[in-house]
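Protein chains: 2
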Amino acid sequence: MISVEEALQKILDAVTVLDVETVPIMDSQGQVLAEDIISGINVPPLDNSSMDGYAVRSADTTGATQNTPKTLNVIDTVIAGSISKNEVTPGTAIRIMTGAPIPSGADSVVQFENTDDPKNKDVSLNQTPAQVNVFTPVIPGQNIRYAGEDIKKGALTLKKGMVMRPAEIGLAASMGRSQVKVIRRPVIAVISTGNELTELDTPLSPGKIYNSNSYSISSLVKRYGGIPKMIGIARDDEKDLLSKLKQAQDADMLLTTGGVSMGDYDMVKDILARDGEMIFWKVRVKPGKPLAFGKIKSKDKDGNPRAIPHLGLPGNVTSCMVSFELFVRPALLKMLGKKNLAKPTVSAIIEDTVKNNDGRRVYSRAIIEKRNGNYYAHLTGPQSSGMITSMSMANGLVIIPEDNGSINKGDTVQALMLDWNEEVNI
Amino acid sequence: MISVEEALQKILDAVTVLDVETVPIMDSQGQVLAEDIISGINVPPLDNSSMDGYAVRSADTTGATQNTPKTLNVIDTVIAGSISKNEVTPGTAIRIMTGAPIPSGADSVVQFENTDDPKNKDVSLNQTPAQVNVFTPVIPGQNIRYAGEDIKKGALTLKKGMVMRPAEIGLAASMGRSQVKVIRRPVIAVISTGNELTELDTPLSPGKIYNSNSYSISSLVKRYGGIPKMIGIARDDEKDLLSKLKQAQDADMLLTTGGVSMGDYDMVKDILARDGEMIFWKVRVKPGKPLAFGKIKSKDKDGNPRAIPHLGLPGNVTSCMVSFELFVRPALLKMLGKKNLAKPTVSAIIEDTVKNNDGRRVYSRAIIEKRNGNYYAHLTGPQSSGMITSMSMANGLVIIPEDNGSINKGDTVQALMLDWNEEVNI
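For the record, the sequence lines run as chains A and B. Sequential numbering from 246 applies to the first sequence in this note's numbering. Sequential numbering from 246 applies to the second sequence in this note's numbering.
Simulated from the structure, these hints should not be mistaken for laboratory data. Where hints are given, some of them may not hold.
Copies of one chain are not kept apart here, so a pair can be met inside one copy or by any two copies together.
Stated by the list, open to error - When the alpha-carbon atoms are kept at most 30 Å apart in a straight line, the in silico DSBU-like pairs for lysine-lysine are as follows: (1) Lys426 / Lys474; (2) Lys544 / Lys474; (3) Lys615 / Lys588; (4) Lys531 / Lys600; (5) Lys404 / Lys588; (6) Lys255 / Lys366; (7) Lys584 / Lys615; (8) Lys588 / Lys405; (9) Lys527 / Lys474; (10) Lys330 / Lys546; (11) Lys654 / Lys491; (12) Lys600 / Lys397; (13) Lys330 / Lys600; (14) Lys398 / Lys489; (15) Lys398 / Lys531; (16) Lys546 / Lys534; (17) Lys366 / Lys540; (18) Lys654 / Lys615; (19) Lys544 / Lys600; (20) Lys397 / Lys534; (21) Lys484 / Lys366; (22) Lys579 / Lys405; (23) Lys542 / Lys366.
In this text the structure is predicted, and so the values were computed from the model without any measurement.
Hey, can you work out the whole structure from these sequences and the hints?
The structure is reproduced here in structure tokens:
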């Protein structure tokens, strides 16, 4: 059996960064930019005021105090979006609003609060007085935002490989871009296998269970930025499984759940080996040992042969979700063009004693809590791989190394965080 | 001027948890469950095998070793989804696949690996042998998952208030639920104000800038689970602003950007005060001082009067985004029914010296990095509130307290994390 690291490396080697699509900036959130964006404009385009106040020649304000103000003649008012036709000459000022371009002749702005502008008494008064008294001197450049201060025309502002977040979307907009080129999202086909599976909203006959893996796995696909293609349940017969596999042939990756154990009808791994290439079966990990990985033969939309990376996840609900976090998530992020493929981990003090004697690396469902500056981990009760309740209670997985007989209460362990908090949504 | 805490409290007091909607479980991710879900079934429904192997009477295996195996007559094979009609009597065994119900008479399962089943030589062999040799004893209950072990019929399994994550979605599915009641997502209307604003993809005339706030703010709304309603640009005249406000009247919250400063055409706060209720204007915070908050009069779909919470965000790109993180995000999460409203913070060692003399709390854009187990923070260059590039570089905001003259290089500060990593997407 291969190790977790070997398995992950083989999976990552088999997937590639996907191709590029052009999307409206509002749709690009979370995707990776696939072009360098060079600004065609200065941002801001012109020198402008960062305050509501008076555009002045700073020399005219030298020595101004509350008791000995400098009096200037007000020759115009300029608001954002307009340009004053007048020039500030010695002894004059132009009343200016935040964002308005600095009039010629002025080298600084005195904010309203440092003058006797009527606004100081009542902000709803929109009067341009004939004269203004300035109480505080300004220095050249004061309260001016210079053209190109944020973004210089010709500057490489957004780089290929950056993740589009709200700030990057705003940045693209501030350069006038309504669309960007990004790596497209992978379409991940999801098939659950097993005669025992019953679709939701139908009665459960004896010996059957509801299909839950399709939903938890497809939700994980969405959570990490992929597009799930839910194909449904394949019965444990070759004809049905092959017909469902055919529906997955345009996907970027295929995930099946179940059918990878030693049972008589565990056909997923057999068909993968026969109709494709089996790269590995079984990993030294608990839960999740019977993971199968390979490439299944398919056709592209022009009928040309292609091979789809196929992960055969175990059928147990927890094994299935843990395998996704360990092996599918990094592959999905690589396809999306992301560089940071590792889940965050923390060092935590364990509050249980855990035995591990079978040579596999164990990922135990745990609640990780921060108390007095330290992280503590306690297990979410029984760790049977069939228990989805333990996965729901957990916010992390405590890693028990392969070569470790046991971990004692009070030892420091590494914990892989499933949820930092509840903000990861949509 | 009120403090950040007072402002946030006034905003939170003015918003309420939204009403309930019923959605397909696949659409519920990130939403808060609005019902208690009691399981109508046991999960698993029947005692079943956790291994591929042989269902036996454990007493029949006592003393079995590799050299002195116990030989049992194989009377049937049972797979998941089927029920064996036969009973395991002394001296017999039923070949059983993972997930198949335990036949009557059996109290344990011996896995294939501890027998001479043909699978051990070739997993693709599906033969039911007439007899099997068992090499290892089993104890009662071994390799059996009992009915209700994961979820007991009648148990409160998913509680009102839980956030639907992939595990909770799988859990709902495992009980057969295809739909759940959740708190609906808030619709947040977004209007940018200012004569200087130009829509994307149109040429920029002198003195104008592109409207970027609508995009960064609407992206933040999406990121935290709201539904943005982008109304566009309102000119600095009352008629246009009122017509845009009318388009927002069915929203759960209204966000405007700009129009809250001291300028002649900063009408947002004036209209809020005149046509609604102004709860506060200006907060002791930097960037973001001229924040306005109140309730604007509106009508519901039946024509009845209602009041919409309205945050007038500053027009500067960075002030606008920082105000969103500090004030809008918690309100949005409260409307979604979430309990954990605070952004995560870390203690970090600052690598710059920052002066703060004006009595406001400063949130400085910073890059927070973990090195040798400690977090370090360094500022992203110039902190002008007009600079969106500094927001794009940042993954956190260093908090400089109001009462602090300066923070020196090497001091420990609190940093509010904007992004833990790049996985927050879609």
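Here is how each hint holds up against the structure:
1. With identical chains, the CA atoms of Lys426 and Lys474 are at most 30 Å apart both within one copy (24 Å) and between copies (24 Å).
2. Taking identical chains as interchangeable, the C-alpha atoms of Lys544 and Lys474 lie at most 30 Å apart only when both belong to the same chain, with a minimum of 17 Å there against 41 Å between chains.
3. For the identical chains of this complex, Lys615 and Lys588 are neighbours both inside a copy (18 Å) and across copies (15 Å), given an alpha-carbon limit of 30 Å.
4. Taking the closest pair of Cα atoms, Lys531 and Lys600 come within 30 Å of each other only inside a single copy of the chain (12 Å); across copies the shortest separation is 52 Å, beyond that limit.
5. In this assembly of identical chains, the alpha carbons of Lys404 and Lys588 lie at most 30 Å apart whether taken from the same copy (24 Å) or from different copies (28 Å).
6. For a Cα distance limit of 30 Å, the shortest separation of Lys255 from Lys366 across copies, 26 Å, qualifies, whereas the shortest one inside one copy, 71 Å, does not.
7. Both within a single protomer and between protomers do Lys584 and Lys615 lie at most 30 Å apart by alpha-carbon distance, with minima of 28 Å and 17 Å respectively.
8. Within a single copy, Lys588 and Lys405 get their C-alpha atoms as close as 23 Å, and across copies as close as 29 Å, so both meet the 30 Å cut-off.
9. Taking CA atoms no more than 30 Å apart as the test, Lys527 paired with Lys474 passes inside one copy only; the shortest distance there is 26 Å, against 49 Å between copies.
10. In this assembly of identical chains, Lys330 and Lys546 lie within 30 Å of each other by CA distance neither inside one copy nor across copies; the values are 61 Å within and 48 Å between.
11. Taking the shortest alpha-carbon separations for Lys654 and Lys491, neither the intra-copy value of 50 Å nor the inter-copy value of 61 Å comes in at or below 30 Å.
12. For the identical chains of this complex, Lys600 and Lys397 are inter-copy neighbours only, at 28 Å across copies versus 60 Å inside a copy, given an alpha-carbon limit of 30 Å.
13. In this assembly of identical chains, Lys330 and Lys600 lie within 30 Å of each other by CA distance neither inside one copy nor across copies; the values are 81 Å within and 39 Å between.
14. Proximity of Lys398 to Lys489 under the C-alpha cut-off of 30 Å is found in neither arrangement, the shortest distances being 53 Å within a copy and 33 Å between copies.
15. Proximity of Lys398 and Lys531 under a CA criterion of 30 Å is satisfied inter-copy only: 28 Å between copies versus 55 Å inside one chain copy.
16. Taking the closest pair of Cα atoms, Lys546 and Lys534 never come within 30 Å of each other, the shortest separation being 35 Å inside a single copy and 56 Å across copies.
17. For a Cα distance limit of 30 Å, the shortest separation of Lys366 from Lys540 across copies, 25 Å, qualifies, whereas the shortest one inside one copy, 74 Å, does not.
18. In this assembly of identical chains, the alpha carbons of Lys654 and Lys615 lie at most 30 Å apart whether taken from the same copy (17 Å) or from different copies (27 Å).
19. For the homomeric pair Lys544 and Lys600, neither the shortest alpha-carbon distance inside one copy (47 Å) nor that between copies (63 Å) is at most 30 Å.
20. Taking the shortest Cα distances, Lys397 and Lys534 sit within 30 Å of each other only across copies (27 Å), while inside one copy they are farther apart (54 Å).
21. For the homomeric pair Lys484 and Lys366, the shortest alpha-carbon distance between copies (26 Å) is at most 30 Å, but the shortest distance inside one copy (83 Å) is not.
22. For a Cα distance limit of 30 Å, the shortest separation of Lys579 from Lys405 inside one copy, 15 Å, qualifies, whereas the shortest one across copies, 36 Å, does not.
23. In this assembly of identical chains, Lys542 and Lys366 lie within 30 Å of each other by CA distance solely across copies; the values are 27 Å between and 77 Å within a copy.
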